[in-house]
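Undergrad: Read top to bottom, the protein sequences are chains A and B. Residues in the first sequence are numbered from 12 upward in steps of one, following our numbering. Residues in the second sequence are numbered from 169 upward in steps of one, following our numbering.
Hints were generated in silico from the structure; no laboratory data involved. We put the beta carbon where it would ideally sit given N, CA and C, even for glycine. Keep in mind that a hint or two might mislead.
Unchecked claim - So the derived label-pair ranges between C-beta atoms look like this:
{"#": "1", "chain 1": "B", "residue 1": "R208", "chain 2": "A", "residue 2": "D158", "range": "45 to 53 Å"}
{"#": "2", "chain 1": "B", "residue 1": "I287", "chain 2": "A", "residue 2": "G105", "range": "53 to 61 Å"}
{"#": "3", "chain 1": "A", "residue 1": "A127", "chain 2": "B", "residue 2": "V272", "range": "23 to 31 Å"}
{"#": "4", "chain 1": "A", "residue 1": "P148", "chain 2": "B", "residue 2": "G223", "range": "14 to 22 Å"}
{"#": "5", "chain 1": "B", "residue 1": "P269", "chain 2": "A", "residue 2": "A237", "range": "33 to 41 Å"}
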Amino acid sequence: MGSSVVLAGCSALSDGAAEPATTLTVFAAASLGDSFEELADGFEQENPGVEVEYNVAGSSSLAEQILAGAPADVFASADEPNMDTVVAAGENSGEPKPFATNVLTLVTPADTRADAPDIASLEDAAAEGVKLVVCAPQVPCGRAALDVAADAGVELSPVSEEASVTDVLGKVASGEADAGLVYVTDALSAGGGAGETAGGTVNAIELENADSAVNTYPITVLDAAAENGPEHPELAQRFVDYVLSEDGQSVLEADGFGAP
Amino acid sequence: MRGREVRVHPPAGLAVVGILGAAVLLVPFVALVAGVDLTRLPELLTSPSALDALGLSLRTALTATAICLVIGTPLALVLTRLDFPGRSFARSLVLLPLVVPPVVGGIALTEAFGRRGLIGEHLQLLGIEIAFTSAAVVMAQVFVSLPFLVVALEGALLTRGEAHERTALSLGASPLRTFLTVTLPLLVPGLVAGLVLTFARALGEFGATITFAGSLQGTTRTLPLQVYLERETDPEAAVALSLVLVVVALVVITVAYGRRDGRRDGRRDGRRYGRRTGAEA
């Protein structure tokens, strides 16, 4: 949390001598990290003199920080409940807009052992003796896992309910777990595209009913932007527009996100 | 510090800074207590998930403390009373878990005892799987809290010297009898303090547990893990459970250090700390 604030302060000081750069502070959900870095580069090229600083963390942590008065210009949440918290507190300016979606996929370790169970579907993963790891129902990926399982009529019996999707991915990638439920984008970043394993740590198995739990990502300009300088609200809106533009959407699509 | 003949007071300026330093540590805890919703406290602390987590934490931390006692005491003896090459390096190794990030500890444990780990691979063949079990929680706790016991015992052993034991041995007592009737009774104060700290550290263990053991209610989700998870949906519950951990830790530390202060050998302890910091600097 501190780093982006400090960085923003530093760049404002150092750039003061050369050209007056404006630093736009974007709070983005952890799963958006890589994509938003790419989006930032594109946005900075289109808007010379603007620097985009990121604070990447879990959506609930970000929402907490915003409520505590963090000077952020834009908030991109991984789920609607956390955006709702920010909206309910009146920290947003303008309506949040959905800009991406994500669905769950089943992952298994890439280098399967000889004695590893055969897993090709959610039913297989839910079978007895299979070490399945999912997110806890308290976090968005856990709620999605419950929805997908209910829709498929399968009862999951995980050996662990993790607090974050990266923890699930880690346990599968290391081979501790036989299977896990993560977002398509997480699987892709771990080298597990649909049906491909090259260099990856996990295999991804598409869920037939993945659409039964679609996670929608909303983005909004924050009220705090107005306090950060006269140009900030306008720039923040331009950033949001850029994310929603064709260019922005193609970056997100390449990383596995679905259209809103 | 307390029992010396001449009391050397710090310069006033430093004392002020020192008191401000205490505020850095105290303010967050005061805020934590202030943040607890007292009306919801009973309900938050008695929810099934909270009780499960508390019960699991107490069971695993007590087990871990017992294991630390059994393996930590001999380890401290070896490090202080046995001459072997590389002893000081071995001492550093024992302290490692105190300074590596807990998540690194968890990864190390996974590399050792995970299904594909150095030892875990062989255990797997014997049908023993540790990850995702309460045993994994205990192992994580032992790993991070054992150094506390060893350091406390080492301190006690080094301060006291070996004179009493030498007398016993010269009078014909066997090494085992000497240990049981001379060394051990003299070690008791240090042992109690060490065990209490070991228990407190085991109770607070988080990073290695979540990395190595996972998180499942009643099996591996200890109180710190429950706090971390509650934060997502019910921050008030997280604050309330945090308070429990802080209170337990405070009681435990007061027991460990409070009894020391009240004793007449407080002065010896003072010297001991001076010496130890000197040696470690």
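Undergrad: All the hints need checking, so say for each whether the structure fits it.
TA: Hint check:
The beta-carbon spacing between R208 (chain B) and D158 (chain A), approximately 29 Å, falls outside the hinted interval of 45 to 53 Å. Against the hinted window of 53 to 61 Å, the Cβ-Cβ separation of I287 (chain B) and G105 (chain A) comes to about 57 Å, which satisfies the hint. A hinted range of 23 to 31 Å holds for the C-beta pair A127 (chain A) and V272 (chain B), which are about 27 Å apart. In this structure the supplied range 14 to 22 Å holds for P148 (chain A) paired with G223 (chain B), their Cβ-Cβ distance being about 21 Å.
Between P269 (chain B) and A237 (chain A) the C-beta distance comes to about 39 Å, which sits within the given range of 33 to 41 Å.
The earlier numbered hint that this structure contradicts is number 1, and it is the only one.
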